[in-house]
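Colleague: Next come the chains, spelled out residue by residue.
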Amino acid sequence: MRNNHGGHDNIKESSEHMKRTYAMFQDVHVMIFIGFGFLMTFLKKYGLSAVSLNMLCSVLSIQWSILVQGFFHPHCEDPHIPWDDCPSSWGWVDINVMTLLNADFATAAVLISFGVVIGTTTPLQLLIMVFLEIVVFNINEYVGRGEIMTVDAGDTIFVHMFGAYFGLAASRVLYSKKHADSENAGANNISDLFSMIGTIFLWMFWPSFNAGAAAEGDAQARCVINTYLSLCACVMSAFALSSFLAPDRKFVMEHIQNATLAGGVAVGATADMVITPLGAIVIGFAAGLISTWGFHYATPFLSSKWKINDTCGVNNLHGMPSLLGGMLSVLLAGIANRDMLISLNEIFPMHPEKGSGWQAGVQMSGIVVTLLFAIVGGTITGFVMKKVGEVTRNNDTTVHHTHNGSMTTATVVKSKTAIPQELLYDDNAFFLVHQFEV
Amino acid sequence: MRNNHGGHDNIKESSEHMKRTYAMFQDVHVMIFIGFGFLMTFLKKYGLSAVSLNMLCSVLSIQWSILVQGFFHPHCEDPHIPWDDCPSSWGWVDINVMTLLNADFATAAVLISFGVVIGTTTPLQLLIMVFLEIVVFNINEYVGRGEIMTVDAGDTIFVHMFGAYFGLAASRVLYSKKHADSENAGANNISDLFSMIGTIFLWMFWPSFNAGAAAEGDAQARCVINTYLSLCACVMSAFALSSFLAPDRKFVMEHIQNATLAGGVAVGATADMVITPLGAIVIGFAAGLISTWGFHYATPFLSSKWKINDTCGVNNLHGMPSLLGGMLSVLLAGIANRDMLISLNEIFPMHPEKGSGWQAGVQMSGIVVTLLFAIVGGTITGFVMKKVGEVTRNNDTTVHHTHNGSMTTATVVKSKTAIPQELLYDDNAFFLVHQFEV
Amino acid sequence: MRNNHGGHDNIKESSEHMKRTYAMFQDVHVMIFIGFGFLMTFLKKYGLSAVSLNMLCSVLSIQWSILVQGFFHPHCEDPHIPWDDCPSSWGWVDINVMTLLNADFATAAVLISFGVVIGTTTPLQLLIMVFLEIVVFNINEYVGRGEIMTVDAGDTIFVHMFGAYFGLAASRVLYSKKHADSENAGANNISDLFSMIGTIFLWMFWPSFNAGAAAEGDAQARCVINTYLSLCACVMSAFALSSFLAPDRKFVMEHIQNATLAGGVAVGATADMVITPLGAIVIGFAAGLISTWGFHYATPFLSSKWKINDTCGVNNLHGMPSLLGGMLSVLLAGIANRDMLISLNEIFPMHPEKGSGWQAGVQMSGIVVTLLFAIVGGTITGFVMKKVGEVTRNNDTTVHHTHNGSMTTATVVKSKTAIPQELLYDDNAFFLVHQFEV
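Quick note, the sequences are listed as chains H, W and V, same order.
Each residue of the first sequence is one higher than the one before, counting from 7 in the working numbering.
Each residue of the second sequence is one higher than the one before, counting from 7 in the working numbering.
Each residue of the third sequence is one higher than the one before, counting from 7 in the working numbering.
No lab work stands behind these hints, which were simulated from the structure alone.
Since copy identity is lost for identical chains, a pair holds within one copy or between any two.
Under the rule of at most 30 Å between Cα atoms (straight-line distance), these lysine-lysine pairs were calculated in the DSS-like manner: (1) K392 <-> K256; (2) K392 <-> K184; (3) K256 <-> K393; (4) K184 <-> K313; (5) K313 <-> K392; (6) K311 <-> K184; (7) K183 <-> K311; (8) K183 <-> K313.
Model, not experiment: these values are computed from the prediction.
Next up, chain H with everything else stripped away, as it sits in the complex (with noise of 0.2 Å):
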């Protein structure tokens, strides 16, 4: 729950709420339904899968999601009276457009995780991943945003950085060298433009993810234009550094849907600050920059050294440019000033008497507790995940039929890991596929 400003309630602020923030909400949901799930379908042989399973973890996280953060923050049946002074203990979940919201921004962080782990793992493995991350989200947002008060107006700590090493935990203890071997995880070019609709997408609509709960003012257009030039000057990076890297000074389309957007990540945990124009580019060039030598260098090494299989990159894309932009979180809330906290009140809410350095502690705890949940929280989901994988293995992989076109072919597959070699990556492991032909 990102917003603060307390309670919505009446009618007029039911109408308030449409006209501030629907516009807003339906941008980051396009973002969810469309950017996640159309970024994964990359995948040659893995489209419909992508996308159709980003819906079904989608729904179940949103739903699933608003029940937890009710739960966290209860409600009164009146909705004037504030919690504390409830005549009864019997808590309400308080539905307005912002918890539509913030819903999707939790989800945003199970999607995240998924992009480490899809093509690997089964739908009902993916299913139990987000009944366990929403809990964990909710619980680390609570601790980290509600009582050590970390500031992250863009969800660069809470979603992106916990996103990313929950997934790289869980995949971690998911490995298998099958995983990393498999011919079926690359794309095509007509793939690889499928995928691009949710790169653009993703990258359009990130100012209203940055902004969607921002205080309302300055704080919510800078908001808008800090990610807005952040994410302008993570193109040029990912661009130059893409070509430098690659054989022939060619483009690399991965580079392309991904590192793209980095900028809009970095620049999250800061966005409502007074960055200025020139340091939104700044941060942006580096986050483009991270991210491109990390699809480069940093996925394979994880893959060889440390047994993580990261399908999509997610280390590249949210994980090393959310530690940046938490660094630098750390970094302006310790140069700003007394003044300067004071007259930003709204983004520094609490201790301002405390001064600069308080807040830049304030915002280190926050990482490290969330890095904490995260990595804690992903390694035990990834043990669940794996025994339900292997008990769920028998029932489900003794005969596959193949559908091309009019003829159906049927294997009959023995496996150790949840889903057999010639399936990962492949949408005939759980969908009914006609295959294309010319």
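Based on these hints, arrange chains W and V on the given structure of chain H.
Modeller: Structure of chains W and V alone, referenced to chain H:
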């Protein structure tokens, strides 16, 4: 014309309209042109026709609809004078953003009927259908919403039910066994992915469809939240039943593309009422089950027993869920007590003194009248379309050139239906197409 | 910088901007990145390059444009003091949501020129074009809109006419017979479907493009409604003439993808005037005819007789319709009587006392000046681009590796143009691509 909020005529209201309705209007516009257009590209050889003819029919429908709606709702030249007091009998058509939104709603009904007969009808037949359907649509809405006073915030009855049964009635008249037997009628994994673009944009923006013309404030917020929750639940039940019905427990793309949307249809008529979040979820869940069941059982049954060919499964997505939604509006009007009706008088604007039984009867009458208009109107339109198909047949179908890269093949064709069998569901029937080559 | 509504500098206005303009800005943003980007994916082998280079050129254009516009419209450090009274001569660039919107408008001009030369130019040549074109664009707009006071609500003259003739002039300089002869320049049914994503998003959001910077209230509502109606009529005439011109009376996708949009171009300059709904429909209908005719006759003529290669048919979609629209603005300014001009003084802000003949001359001058700047600027830019292509040729084109699945083929190439013939309109020229395999 869904809204009854009096005349909006001066500069201030023009500006207010833009602020309040324009973003939602654009969401609905996306549903009409991208949503419906791409949803129907699932046909493996008919994607270009689907999206292009969707565009052509829509623009004719929009323009014709503005005129016909203007005829049913005339304005005085001085817009401040109500029409009944107007000194002149010469009516003016008032055009504002609400007019454009209402034209899009009427177009949705036309496109639903279009989905029944797509691939088996000529562009000329479709344009005739648009012309006739818009007239019947407006008469029905004038009678149902204007005279009978049936309440239907999300157009479950006046758009979805009307469009579905109008199209199904026309399709019964146009039936040919060749339509059902065509091998072109299927999908492949690329056309399925294009279709998901349509599905997801429809799914995301459905809250705007149901809330676009609702009374500002709480009623509009309820429309958004109820529709959103119903759609989420619908996705879950559609996926669950799909994997239960299909061989090998796999998911079927046809279900995911269509049945996931049935929750938006079913909740429409009651979306602005106080159905509670749980109620919305139950409605959506039931709609997803009914719709998925329909694709598995009802469509083959309609085709073989009732001789109704339903290309896109419109009966499953719009027909049966709208019957469910209509009946729910009868039920909810029936159980509402008098105080509730009076407090909800922005929703039930008339006869609160007559009680809930009266309003339940009003809802039921609206449904019966709509079904009558749809089935009679669709049957007559079907006969006109059939006649036109027979008349134009000889002129159109002499020689067909199929372009395949640089090679052109000429085929001489004789046939009894408007389109020769091998060109059913085939872009080559009416579009100059260059086939994909590897 | 389309809007002249004074300085918007304080918190209230920042919040007001967000509410009033942000949703329309995002519509325009979608037009730039999805609309233009996917429209150009019709090229069967060049989809990834089209959408990626569209993104790269746009972000450079946006950032450079904010700087150049800031140079032409400096602000005082205290934004409440007008620039002329500013004690310092050091200007500041004011960035708000309107700035971002105006940067998108300037980028549209660049992308129009990009559409002329796409597939035949290197990324470096394109980036140089962006740099030079943005400077000339801003000088022309400063002279035309700022000094001459030409009225152009939808940027028919300053964006569409300027961008089209700038690009065509550059293309004349860059002409090579190889460009026109390439077999890669065509489409197929999959690339045509991707292209329709671009077409439809451009078509739907064009009302936001024409109304985004209009005066609030009635003028803005007129922009929306006139553009919407013109676009509807344009679709009808484009389809009709397309089937009339093509063999077998079939529809041609190139016409549907492009000519359906000409109504938005043609109505732009007069969209905020009282042209009546019928007037808007007539304008759109005419634009659709001219544009479709252009694809059939003018493009081949330009290529063979005038040696101008126009990859996307920009002359038909933006060039000729903008000439029609510009002339209509001359005509309408000429026939407006004095009272009308004064009542419309939010539209014609200056010289109402000088009468309609004066305003007609002002419109005509704006057109002539724009054509001059476009053609001279485009020609000079073309020579610079040609020189750059010659210089970089030898470094770039020695060995090309074509990746096809796991196989890699190396080709040694020598050529006189910037791109060797077999890599014209081919993703493999600058992108690392894995070809689709069945």
